[in-house]
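K.L.:
Using the hints provided, position chain S relative to the given structure of chain E.
2 protein chains.
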Amino acid sequence: MAHKIGKQTLIIDGVVGIRSSAAVGSKKEGEGPLGKDFDIINDDSRFGEKTWEKAESKMQELACWKALKKAEAEMKDVDFIFAGDLLNQCIASAFSARGSKVPYIGLYGACSTFAEAVGLSAVFADSAAKNCLAVASSHFCSAERQYRFPLEYGGQRPPSAQWTATAAGAALVSKEEGFPFIKAVTFGTVEDFGINDQNNMGAAMAPAAAETLSQFFKDTYTDPEDYDLIVTGDLGFVGANLMKELMERKGFPLGENYNDCGLMLYDREKQQVESGASGCGCSASVLSGHVIPMLRDGMLKSVLALSTGALMSPTSVQQGETIPGIAHLVCFSSEKGGIF
Amino acid sequence: MAHKIGKQTLIIDGVVGIRSSAAVGSKKEGEGPLGKDFDIINDDSRFGEKTWEKAESKMQELACWKALKKAEAEMKDVDFIFAGDLLNQCIASAFSARGSKVPYIGLYGACSTFAEAVGLSAVFADSAAKNCLAVASSHFCSAERQYRFPLEYGGQRPPSAQWTATAAGAALVSKEEGFPFIKAVTFGTVEDFGINDQNNMGAAMAPAAAETLSQFFKDTYTDPEDYDLIVTGDLGFVGANLMKELMERKGFPLGENYNDCGLMLYDREKQQVESGASGCGCSASVLSGHVIPMLRDGMLKSVLALSTGALMSPTSVQQGETIPGIAHLVCFSSEKGGIF
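So the sequences go chain by chain: E and S.
248 is the number that our numbering gives to position 248 of the first sequence; each next residue is one higher, with no gaps.
29 is the number that our numbering gives to position 29 of the second sequence; each next residue is one higher, with no gaps.
Here chain E stands alone, though its shape is the one from the complex (with noise of 0.2 Å):
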């Protein structure tokens, strides 16, 4: 049963664990560095589909089938499906869960989705539940005309822009079963510093991600230094940088260790995505396909990973508003014991 230490970090107390993962992606993906991480490339960024909406619930089916497949489980194993997206009405998962028959658990977390799945499916399966499906996703082309201009349009991006990434992930978080293990969850607060550009959202996810990693530590009187790895959502370039500079403010400077998964899904340089990917689908994919597979295969042994999200909305854009964050966190480890 989970239990909470300092102010909001809940250790999993019992063995839980990511019993499979796995990321789907489309061609700038599979083009990426780390392309070869993924499960399934489909160079049709429709998946066959009629419309990109559709394309991206396929993709969580897929990330989901394949997560199942690997594990040599089914569906009806399933005793809950924890799942997020960017589209309005959250539609590319609850029309992927439609056919499930497993109990679903709609969540909004923007690209702070993945963590937030991850980390509610370890506190049931640490209780309630024996296999949780933790799945998010997000589609360039959905989310672009949903959130800045119609393809078509060919708007310019700022050097500060982010490229949504067309990838979805899937982790099976289970009791007893597993590996690498799930020690620790944070779930974050929503933060808001008063970033207005919309075109700049690692500025706005940036103070929420350090707050809730500065809390981590303090909550479980660790350092950065104890983790094999500190892995961002999709904070990019320049909300990375401001990143490492909040955490050296606040007493907890991030060394050679710590990288963001917008900064490792695609070649910056090669393929001009400015700042880097963003998406619920880009931790999600990066996670699910490269940093957990390191875990299980012995290269990383301590893993605090961190999904982040902007809370905005075009309405709320519009509105003059400024653009709050929040960041959720897992801790992962490839030791069964406690480290707390």
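Among the clues, some could well be false.
[Unchecked claim] Among the chain E residues that face chain S by a calculated CB cut under 10 Å, a handful are: (1) Lys-4; (2) Gln-8; (3) Lys-27; (4) Ala-97; (5) Gly-106; (6) Glu-191; (7) Ile-195; (8) Met-299.
In case anyone wonders, no lab produced these hints; they're calculated from the structure.
Backbone N, C-alpha and C fix where the C-beta goes; we use that ideal spot for every residue, glycine too.
P.N.:
Relative to chain E, chain S alone:
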């Protein structure tokens, strides 16, 4: 610690209860049959804010503030906020939580959000948390222009249409404190019976409500007559009648103890709301302001409350998709001991 029985019902093993709850509404809600049950009624549907979206955030803040005040608690006593609404990217909830400094778990369950939030709060309060705030809202004006037409257009409404409640509800769910008790939670599955008329949400949601409710009866070996009140979220006149028919077919006929929040909030004849009320705020306010207080006062002893959601978006409807529904159930009791 919660544990699962049957296919999908979670039994809350510890003592978890509603420490306090509060409902906020506007003019039309104040004029309805439950007007006196609202803690706060503001005849100005903007609640002093510049936009309806900000008004909706304000309603959530007021509902939380009032619920905390009733419990003689403060925001710093709250471990987690579980919240959601109908607006794109759930901005009403995110902006409302901005000043709280409390870990925020954003949900999207359409009008099923309140039961989803209370259910998650109960699971958390049964393990990792002491106090959780469950909150949900909707606003007629922000919903109407987002989902249907600009208000100025004055679009005609068919008889199956429902009126989105301008309301918010908040419940403080606590461990070892509070009354009535939460005995069980059944998170629902996404059900799609092929309804594609977005002016007939009741019909889209009724199959999901019937599925969750009948599954709860099967999981717990109880019957409709074992409860003083069985109440659905916002099926309205059309959906509630369909619900009765579906439950009869499933072998669990509903009697006089069945009602629907969407039929309780307004006077359908005098207030011109066609099939009844809808919106996350409907079940949130009717449960928080009316049903839970009746349990507290001893007028009800055992209640099954289901919030019901239609998981569509204007985009999915335009793309020819049908409308999936979902329903989450919370079982309240005034008895401390086990009832299953």
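K.L.:
Could you run down the list of hints and mark each one as holding or not?
P.N.:
Consistency of the hints with the structure:
no.: 1; hint: Lys-4; in the structure: holds, 6 Å
no.: 2; hint: Gln-8; in the structure: holds, 5 Å
no.: 3; hint: Lys-27; in the structure: violated, 23 Å
no.: 4; hint: Ala-97; in the structure: holds, 5 Å
no.: 5; hint: Gly-106; in the structure: holds, 5 Å
no.: 6; hint: Glu-191; in the structure: holds, 8 Å
no.: 7; hint: Ile-195; in the structure: violated, 13 Å
no.: 8; hint: Met-299; in the structure: violated, 31 Å
Consistency note: the structure conflicts with the earlier hints numbered 3, 7 and 8.
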